[in-house]
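Q: The primary structure of each chain is shown beneath.
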Amino acid sequence: MAEITPRELLEQEEDTQKDRFLTFLIGNEFYGIEIRFVTEIIGIQAVTEVPDLPEYIRGIINLRGKIIPVMDVRLRFKKPFREYNDRTCIIVVDIKEVSIGLIVDSVSEVLTIPEQDIVEPPQMNKGFNNRYIKRIGKVGNDVKLILDCEKLLTDSEIDSVSNAI
Amino acid sequence: MLRNTDVIELWKESENLMKRVLIVDDASFMRMAIKIILQKSGFEVIGEAENGVVGIKKYQELQPDLVTMDITMPEMTGIEALKEITKFDPKAKVVMVSAMGQQAMVREAIVNGAKSFIVKPFKEDHVVETLNKILEM
Amino acid sequence: MSSQYINEPLLDMFIFESSQLIQQLEQDIIISERESYLSELAIDEIFRIMHTIKGSAAMMCFNNISTLTHSIEDLFYFLREENPQDIDYSTLCDLVLEVVDFIKVEIEKIKNGDDADGDASTLINANKDFLSRLKQFSPPSDTTETKSHISPDTQQIYISQNNGFAPHSANLFKTVIRFDEGCEMENVRAFNIIHNLKNITNEIRHIPENIVDSDAARTIQNDGFIIYLKTDCSYEEIHQHITRTAFIKDLELDQLSNNEQFGQFEGGVKIQESKGQGYKEQSNKGQTEKELQFTSAGQSIISVSVAKLDKLMDLTGEMVIAEAMVSQNSDLKGLELDNFHKAARQLHKITSEMQDVVMSIRMVSLSATFQKMHRIVRDMSKKLEKEVELKIIGEETEVDKNIIEHISDPLMHLVRNSIDHGLESLEDRRATGKMLAGTVTLEAKNAGSDVLIIVRDDGKGLNKEKILARARDNGILHKDESDMTDREVYNILFLPGFSTKESITEFSGRGVGMDVVTKNIEAVGGSVSVDSLERVGTTVIMKIPITLAIIDGMNISVGNSRYTIPTTSIRESFRPQEADIIRDPDNNEMIMVRGQCYPLLRLHEIYDVKTDITKFSDGILVMVEQDDKIVCIFADELLGQQQVVVKSLPSYIRNERKIGGLSGCTLLGDGSISLILDISGLADFTGKDIKN
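If you read the sequences in order, they're chains W, A and F. Read in the numbering used here, the first sequence has 100 at position 100, and its numbers run on one by one without any break. Read in the numbering used here, the second sequence has 108 at position 108, and its numbers run on one by one without any break. Read in the numbering used here, the third sequence has 288 at position 288, and its numbers run on one by one without any break.
Next up, chain W with everything else stripped away, as it sits in the complex:
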């Protein structure tokens, strides 16, 4: 077997992660999240509520001794709450060293969407809430909305202020 240095391995891995997206469902829409952010996917489990938080942060869970917050993406998008069922999943992502669980209706598949099939979202002033959508990927006749993970996390402060007012 040819020798592979750790660096090459890392580069390979980065290569295999390129253009790869984990897709999931919220309502009828397919969303995509860059696979490099995803650390694992777990079924829904008991969430410990923490008082005083915005509604979309459901609380905290115990992930093998590590305590991480969980966010209901549905509520984050200001869609109505839906009871969790056996298809509900928590996607654990690691963004800028912050671990957080994203609760989604269901996880669909891992897809490769080449760069040329990804377009900027349309500019809309109102109606369509696309703050958290970075770009849009085309797969056949389907459309996957690609999440802007960083915004999903960092926007919260502005949000919480406006919630408070």
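A hint or two may mislead.
What the hints assert, rightly or not - Derived lysine-lysine pairs resembling PhoX-like cross-links, with alpha carbons at most 25 Å apart:
1) F:Lys-311 - W:Lys-66
2) F:Lys-349 - W:Lys-96
3) F:Lys-401 - F:Lys-311
4) A:Lys-87 - A:Lys-133
5) W:Lys-18 - W:Lys-79
6) F:Lys-647 - W:Lys-66
7) F:Lys-610 - W:Lys-79
8) F:Lys-658 - W:Lys-78
9) F:Lys-111 - W:Lys-96
10) F:Lys-519 - F:Lys-629
11) F:Lys-401 - F:Lys-391
12) A:Lys-133 - F:Lys-174
13) A:Lys-87 - A:Lys-19
14) A:Lys-133 - F:Lys-401
15) F:Lys-372 - F:Lys-382
16) F:Lys-349 - F:Lys-311
17) F:Lys-401 - W:Lys-66
18) A:Lys-123 - F:Lys-111
19) W:Lys-134 - W:Lys-79
20) F:Lys-464 - F:Lys-479
21) W:Lys-66 - F:Lys-658
22) F:Lys-658 - W:Lys-96
23) F:Lys-647 - F:Lys-543
24) F:Lys-543 - F:Lys-401
25) A:Lys-19 - A:Lys-40
26) W:Lys-96 - F:Lys-647
27) F:Lys-311 - W:Lys-96
28) F:Lys-198 - A:Lys-87
None of these hints come from the bench; they were simulated from the model.
Got chain W; can you put chains A and F on it based on the hints?
A: Chains A and F alone, transformed into the frame defined by chain W:
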């Protein structure tokens, strides 16, 4: 195809080839810097001492192939420790670690049996060459 | 230049070790300054510290630090070797402290990943000036270059074992040696070669003759090192012998045909084997000392990164939980398992012992933190022209490493405050018949699971009227003045927006008041209180938990949620009678216990938790106390007491918003999460409610 016994033999050999070094320096930083260089270059650092007294004790305990010896140290200077070590083992291979401006002390060390010296701040290849040369002796 | 092996751990080590050395240096100097005398020991130590930092900094290419430390090293070298009289200690101490400050700033920059770009040239010049002034007043000495223990004579003496030429078979050689560029100390390398050749040669002469002066290094660099030697060895033997020397770039070795050629070289230095008598005496004397020291050097200490300790702590915590999950597993219910329980008890014993050990590893004495205050006292007394004596009691007291970091700033603030505002001016002290030198006492002692850190001064004390007046002016008085106890009045000092300063000074001015002290101490779950007597002095007491990592906790439940209350704050728990509940017109609930009235907090209400238990007679009340505030917490039921490992809430949530009344969370035996209540935070809830 290598047999298991061959592998063990090879492994033993490489183990034997690793020269065992004792680092004597009062500064942890220097010990670490020297250790990093040595380990990268195939030496085995078998012990560290933070002054001359501990250095002598460790030398007697570990009987290393090589010693790097700082000069300015509390409790007992490197020169004193060198004298004790060569008294204990006249074949001891001790390399002084000196700073610029310590020439007279390095000379004194040489007279007292130091095999060579390196000058702080040192470069990796300087250290390795100095040590390898001494091992050829 | 040596970037090839500069890496994180090495940089960390540089920062760690240099900071420690600098701190030690600072202490040495402050002590010396107080005594207006530098002991030999202190000089030697300062010299060594500077030497070490110089070397490390040069390796890391922090050239400003290395040249600056070099200049101090030179200065102290002179002090050590020449022992000059009439030293201006005050200037010298100022110089060294300025160097200390400079290096501190640079290390801070390095820590933050910035360039260490400070300009040390002014300081270096000041050091050089000081040194040259010293030299003027001292008897002339050869050079600042290291004076050796070998007398100049022996340095140049050389061999001739047979005294004269060996009559037969001697081979004559001439060799020219060139060293690699940048190998440094060429003259000493030449010395090394000559020394090694000594034993196998009958006569040696070399050019340059004098290889002791460092000037020779340049000559050798340019012209090479030329040796003439007479030996019984063969060409090959000599060649091999010389090439064993490191850094030889080029070696010419020629065999000479006759004595004539050898003889041309007249000026050559004759060499004499000499082992000075002096050495033997010296080493014999050394021997006894050394033997004594051997015994004391037995215990060795290693330094470990805090991150590793934190990890160990986390793992131990998880092990404690896992142990509980196994031994209290619900699958075991109703089974008779004698052997299992025996083994489980043993496991429990080991885990808790291990926990204790891990905790003890993290404990650090307050000594370094306390000692740092010497510098502050020194600087302030100098600037404010007050005489101050700093007394330190109980510095060996230990607290958790993480806590120590939070103590340093408040302590500094309090000490500054004591000197600036507590202690009177010299005239005032004289007028009141007090000792001229004021005393600031730092004391630490254990009190149960807490450590008390006390800052006491024998100054003028606090003035109640002034405090009240200022509080009124600043609009932070919420209580009727006549209702307030002395203590309550004094504690106004720690409220935000209060500052008793009549005059803003350089030291305690800065627009921050004592409230930063409170903030820092509360951040580690401690509290601050103050007591004072006019004309006698002021005492500030900081109460700090020994550790944050593991607490004894009582777990309670509300609906599906679990909460943990630190056992130390629990006074009692009881099932209340509906009749004991009092409601004020604003619908605030209170309870009467033994004639005393306490505010009541329904956890399910303040945290908006769904539960069926809302009637007092169905649930339980836990009376908790923190910092003289007492609250009764209403919960569904008590779950039991256990040691819990404190974890902070995820950073995402902490950044989102500060949640009142929660100090962290913990994992329970069944893997579920419990939120740890912060009692003083909860007490604030009632305050708010009452005001509203």
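Q: State for each hint whether it applies.
A: Now the hints, each set against the structure:
no.	hint	verdict
1	F:Lys-311 - W:Lys-66	12 Å, holds
2	F:Lys-349 - W:Lys-96	40 Å, violated
3	F:Lys-401 - F:Lys-311	14 Å, holds
4	A:Lys-87 - A:Lys-133	23 Å, holds
5	W:Lys-18 - W:Lys-79	31 Å, violated
6	F:Lys-647 - W:Lys-66	9 Å, holds
7	F:Lys-610 - W:Lys-79	23 Å, holds
8	F:Lys-658 - W:Lys-78	23 Å, holds
9	F:Lys-111 - W:Lys-96	21 Å, holds
10	F:Lys-519 - F:Lys-629	18 Å, holds
11	F:Lys-401 - F:Lys-391	24 Å, holds
12	A:Lys-133 - F:Lys-174	23 Å, holds
13	A:Lys-87 - A:Lys-19	22 Å, holds
14	A:Lys-133 - F:Lys-401	46 Å, violated
15	F:Lys-372 - F:Lys-382	16 Å, holds
16	F:Lys-349 - F:Lys-311	22 Å, holds
17	F:Lys-401 - W:Lys-66	22 Å, holds
18	A:Lys-123 - F:Lys-111	24 Å, holds
19	W:Lys-134 - W:Lys-79	19 Å, holds
20	F:Lys-464 - F:Lys-479	15 Å, holds
21	W:Lys-66 - F:Lys-658	20 Å, holds
22	F:Lys-658 - W:Lys-96	21 Å, holds
23	F:Lys-647 - F:Lys-543	21 Å, holds
24	F:Lys-543 - F:Lys-401	16 Å, holds
25	A:Lys-19 - A:Lys-40	12 Å, holds
26	W:Lys-96 - F:Lys-647	21 Å, holds
27	F:Lys-311 - W:Lys-96	21 Å, holds
28	F:Lys-198 - A:Lys-87	19 Å, holds
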